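Enquirer: For this one, chain F is given, so just place chain Y with the ligand on it according to the hints.
As you go down the protein sequences, you meet chains F and Y in turn.
According to my numbering, the stretch in the first sequence is residues 1 to 206, in order.
According to my numbering, the stretch in the second sequence is residues 1 to 465, in order.
The hints are simulated quantities; they were obtained by calculation from the structure and are not laboratory data.
Heads up, none of these hints are tricks.
Each computed DSSO-like pair below joins lysine-lysine, with the alpha-carbon atoms no more than 27 Å apart:
1. Y/Lys160 <-> F/Lys168
2. Y/Lys50 <-> F/Lys197
3. Y/Lys168 <-> Y/Lys8
4. F/Lys197 <-> Y/Lys245
5. F/Lys168 <-> Y/Lys163
6. F/Lys63 <-> Y/Lys314
What you are looking at is a predicted structure, and each value in this text was computed from that prediction instead of being measured.
Listed below are the residues making up each chain.
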Amino acid sequence: MQPYIKHTSIAALMDRSNVDTDQIIPKNFMKKVERTGFGINLFHNWRYLADNITPNPEFELNKPAFKGAKILVAGENFGCGSSREHAPWAIADYGFNTIISTSFADIFFSNCFKNSILPVVVTDEQLASLMAEISANEGVEFTVDLEAQKVTTPGGLSISFEVDAFRKESLLDGLDDIAWTLKHEEQISAYEAAQRKRLPWLWPSA
Amino acid sequence: MTRTMYEKIWDANLVHEPEAGSPLLFVDRHLMHEVTSPQAFEGLRLQNRKVRNVHSILGTIDHCVPTKDRFNIVDVIAKKQVETMTANCEENEINLYGMDSNQNGVIHIVVPEHGFVHPGMVVCCGDSHTATHGAFGALAFGIGTSEVEHVMATQTLQQKKAKTMLVKVEGKLPAFSTAKDIALAIIAKTGTAGGTGYVMEFAGNTITDLTMEGRMTLCNMAIEAGARAGLVAPDQVTFDYLEGKEFAPKGDEWPVAVEYWKSLVSDQGATFDAVIELKAEDIAPQVSWGTSPEQVISVTGVVPSPSDFTNEVKSQACANALKYMALEPGQKITDIHIDVVFIGSCTNGRIEDFRAAAELLKGKKVADGVQAFAVPGSFPVKVQAEKEGLDKIFVDAGWEWRDPGCSMCLAMNGDELEDGQRSASTSNRNFEGRQGKGGRTHLVSPAMAAAASVAGHFVDIRDWK
Ligand code: SF4
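The following block holds chain F by itself, in its conformation from the complex (with noise of 0.2 Å):
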């Protein structure tokens, strides 16, 4: 996995609630059997008009100024719905590698840490007046160091964010978490030995 560290880049606005996966990428585009490929349809119905081509020049990320963005910055309640990976996949494939909101859906969350996403909790207050910025100032770059757990901006807001120390560190480090897991190999095995003598129904008669 790619290692998140420090990123500078333009901001893109967002500004809706309860965006839900099901927008993010469409069903029509989860049949592939890559992890790939995703990023052209990220926001498929918002992003194009109705010949499924033409750029719709109403939908926010397709706003000149945005264009290279990295960071997400989005209303409340954001990757709910449903648990497709195909979402944090489509994002990524985009180009994001930040989302900025004031909640987060637990599934989708969890997702974006296995794909080098970095999901940023801010408040309601600090939320606002980082869409204000952006807004005032469509294509500014903000800074988003996972180290020193900080977003700060030209504006002058510097704002620290919570990560789970454990997810901090499999970021920097671009760590494989299944093979953190299997270094527990002997207390797996152990849990599986104890099971079967506690539920042997549950498992297959030897």
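Expert: Just chain Y with the ligand now, with coordinates in the frame of chain F:
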């Protein structure tokens, strides 16, 4: 120290809690379908890893399956997904109720039919409606595809402990109100993010009075309240449902298992991080009016106005929803006309649901211009319904009686709304475009959907003839 059911299941499944790092939770059952698993198998293959406990997995093919002419998948990419699932299961010797199995159906319908989930288990699936299995007193939740791979390789998940919420419903439900209406009423109260970070335990005499099917409908929707999982304490209703099923404990092991299951219920006086209470008497049949399951109101109500919400975000969300749904503030719910009616999905695709709908459809006809179709959740449901003659009632009323699958719950298989069409649907999500780009979804119970198909608009079934 007293513990909640969630805490008991957590403790029983905790493999290891390292000082630095994440707790590891043991996964007893892993459910699988074709959409969220192929990349996980691919990941295993690339790393040369094996599936650790094949017996813990049960798979089905449901999302992409056509409900008419089911073997004729015209979409080549969907076809590849189905073939990939079949090949992956074969290669790894995973138990799959595939396309040609007479047990095939929607994963969350099929799994309980075989007694694959028991109280106290940790159950996961690359699917948010895994919450359904909380009806058995199992901790069941959706995971992403990376985690699907993680579970296959390690039989564990890196998990953080959730907070607990007690949702207490007491009293007698009004006539025609169902588990679906309870679920929608709860979401109306909590909001779609109200449960975020929580595992909800549903309790109270209204809940214990529900059948297993009803409890599954309720827990299924816990995710729409944002909760990680829903739980109902196992009781005699649970044990009676499980006894004799294929994967249930047998013989001498049965009483031992039941004893264990009984020990899992929340202790008297156990504390929850949050408590909400509802009175069953207040829960009339519900109809969603917006594009989020929290935008729901009782059938006697009217479409709200953005100015009814003091919260700015909710007010804006209401305005956006009304625009998308083409509704006016103040419009009576019973004045909303529909084009399509769908009964099915893992929320309401069980035998009870078709019985309830058939009861209302007997001797009636679908309104002019309305297309209605019934999609049983699985072949066993379909076969049972046909045995009872329900299919005939549907067909005589002008409904289509289809083969099982997810169908128009997420419209991935070709069953979908056209731009601007409006549906009464027994599924679980009314998001923009969920049932087809530009489609407008109203979530209701099966009986409400059946009545709407005949009237052509929503009706209060309590005084409808
Ligand atoms: S019926 Fe709907 S909610 Fe259930 S598994 Fe299928 S798509 Fe998901």
